[in-house]
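**Student:** Could you put together the complete structure from these sequences and hints?
Here the protein sequences come in this chain order: A and B. If you read the first sequence in the working numbering, its first letter stands for residue 44, the second for the next number, and so on. If you read the second sequence in the working numbering, its first letter stands for residue 4, the second for the next number, and so on.
Source of the hints: derived by calculation from the structure; they are not laboratory data. A couple of the hints might just be wrong.
Among chain A residues calculated to face chain B with C-beta under 10 angstroms, some are [what the hints assert, rightly or not]:
1. Ala89
2. Thr91
3. Phe113
4. Asp125
As the structure is a prediction and not an experimental result, all values here were calculated from the model. Even for Gly, the Cβ is constructed at its ideal location relative to N, Cα and C.
If you want the building blocks of each chain, they are given just below.
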Amino acid sequence: MASSIRVRAVESGGVTSLKALVRHPMDSGFVKDSAGNVIPANFIKALTVSHKGKDVFVAHWGPAVSKDPFLEFRFKGAQKGDEVTISWIDNTGESDSTTATIA
Amino acid sequence: MTDQRRRGFLKGMLGAGVAGFALGSGIMSLRVQAAATPDASDWPKKAFNTPGVDETIAELYEMEATESDQITMDLPTIAQNGAVVPVSVETTLPNVTSIALLVDRNPNALAAYFDIPQGTLPFVSNRLKMAETTDVVAVVISDGKAYKATQNVKVTVGGCGG
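**Tutor:** This is the structure:
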């Protein structure tokens with residue numbers, strides 16, 4: 044199965060800009076379907092980005108983060124060709140992880 | 004009382020982490036992927052289930068935030084679709100360790116918060132859902148103190164209905 048995470052990490056002038064797009068429904072538990080049944084909450088709780096074994100960014104998310112969440116941040120200390128690992132876990136225990144190379 | 008409970012909880016977490024590591028190292032070879040799974044057990048359920056901005060900041064950071072003009076928020080003033088509102092926060096405040104995004108009029112104010120380790124720039128961009136026209140508050144922890152900035156968004160179609 045294709046990864047749920049799409050990542051683009053670009054290094055420029057010592058700063059790496061990382062953009063990630065995760066495919067996930069992010070159901071809040073407040074919404075009802077057409078039959079009036081509540082769609083159970085299903086959202087990513089934590090997403091970490093690590094570089095050389097060190098966490099460079101940790102996102103703690105609640106159900107108010109949009110469907111198919113997008114995230115962008117910047118960090119120092121990485122070089123072109125380095126690998127970054129992005130992982131997430133949701134409230135049902137589902138998780139995914141991917142590794143990207145910094146361009 | 005809260006503080007002591009929190010300490011106890013943290014200690015327990017530490018213990019669980021060590022035990023988890025010892026256990027994990029044994030089966031690491033079988034599940035390399037699982038080793039990278041983030042730990043969501045410290046997810047602050049109460050902070051994510053608190054309505055109101057000030058109450059949520061107090062619950063999450065155990066302090067009050069003061070207004071700061073050194074926090075720059077980039078978000079639309081009118082959002083056509085409340086289900087996807089892009090919000091960016093950047094700050095010139097020093098030694099930032101955490102950034103949080105709160106939506107005042109949502110059922111629960113806290114949308115997301117981020118750990119900013121040393122070496123990571125105090126900038127984040129994220130997309131949030133908003134139920135109705137609301138203030139969006141960015142909270143930045145700098146030098147151990149909380150600062151906040153507020154911007155209003157007019158939402159024409161709510162993102163939490165159905």
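**Student:** Decide, hint by hint, whether the structure agrees.
**Tutor:** Structure-based check of all given hints:
With a least beta-carbon distance of about 4 angstroms to chain B, the hint placing A/Ala89 at the interface is held under the 10 angstroms criterion. Hint status for A/Thr91: holds, given a least beta-carbon distance of 4 angstroms to chain B, under 10 angstroms. Nearest Cβ of chain B to the Cβ of A/Phe113: about 5 angstroms, under the 10 angstroms cut. The hint holds. With a cut of 10 angstroms, the hint placing A/Asp125 at the interface with chain B is violated, because the nearest CB-to-CB distance is about 13 angstroms.
Of the numbered hints given earlier, the model fails hint 4 alone.
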